[in-house]
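Generate coordinates for the entire structure from the input sequences, incorporating the hints supplied.
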Amino acid sequence: CAGNVQVNIDDEHALTTRLSCGFAARGGIMSCLLAQQGLTGAQHSLEGRYGLFNIYQHGDYSHDTLIKDLGKRYEIDELSFKPWACCRQIHSYIDAALQRHKKYDINPDEIEKITVYINELAGKALCEPLELRRKPTEEVHAQFSIPYNVGIALAYGRVPINFIQKGDFTDPKVLAVTEKINYEIDPVLADQKLLAPDKAVQIVMKDGTVYTSSGTTT
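Per the numbering used here, the sequence shown starts with residue 68, numbered consecutively.
Be careful, since some hints might not be right.
What the hints assert, rightly or not - Using 20 Å as the maximum straight-line C-alpha spacing, the simulated PhoX-like pairs for lysine-lysine come out as follows:
hint: 1; residue 1: 247; residue 2: 273
hint: 2; residue 1: 273; residue 2: 169
hint: 3; residue 1: 191; residue 2: 202
hint: 4; residue 1: 233; residue 2: 202
If you are wondering where the hints come from, they were derived from the structure by calculation, not from laboratory data.
What follows is the structure in structure tokens.
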């Protein structure tokens, strides 16, 4: 098993969030190597009385879902590369900010306010507490902050890794943008983990211009 994501919300100082996927991969590889050497295991390790689904899921699982398209559809085909060194759910917001920055040549000094539209899960994990997400003090804070990464994108038109990994998180140009960022929970987005960039960010300029998914309004 890969573990859980409690580390992302329980201890802001913990670095073990980087290890859970590695543990799962290690377990899979080790299982294959042991099987190659003839080691046998329980035949009902998943669905047996003390199997994974009954111990961890209390028997609440769908057998049909598990075997649907077995041997035809592979989850690895659904993986994607992360162009920025932060939580994958944040990438849609970075995309949105970068698109608007490039298309409208936005001057960050002329921004009045910014709203990011999120689902409740993302709001709890990536926007709260808001002051910490606006002004991270450690690397993990920065990696799990929508406001901070949107601030970088709008301040510089790019998101260099040095702002996130081992940075000092005090760049005045970035923080001037992040302090203008608030969020709204959109119930329409409740079941969406990765949003389309055109639905993620709204920017209001000091002259009244509003940059939205449908273009600009004044």
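Against the structure, test the hints numbered earlier, and report the numbers of the ones violated in rising order. The structure conflicts with no hint, since it agrees with every one listed earlier.
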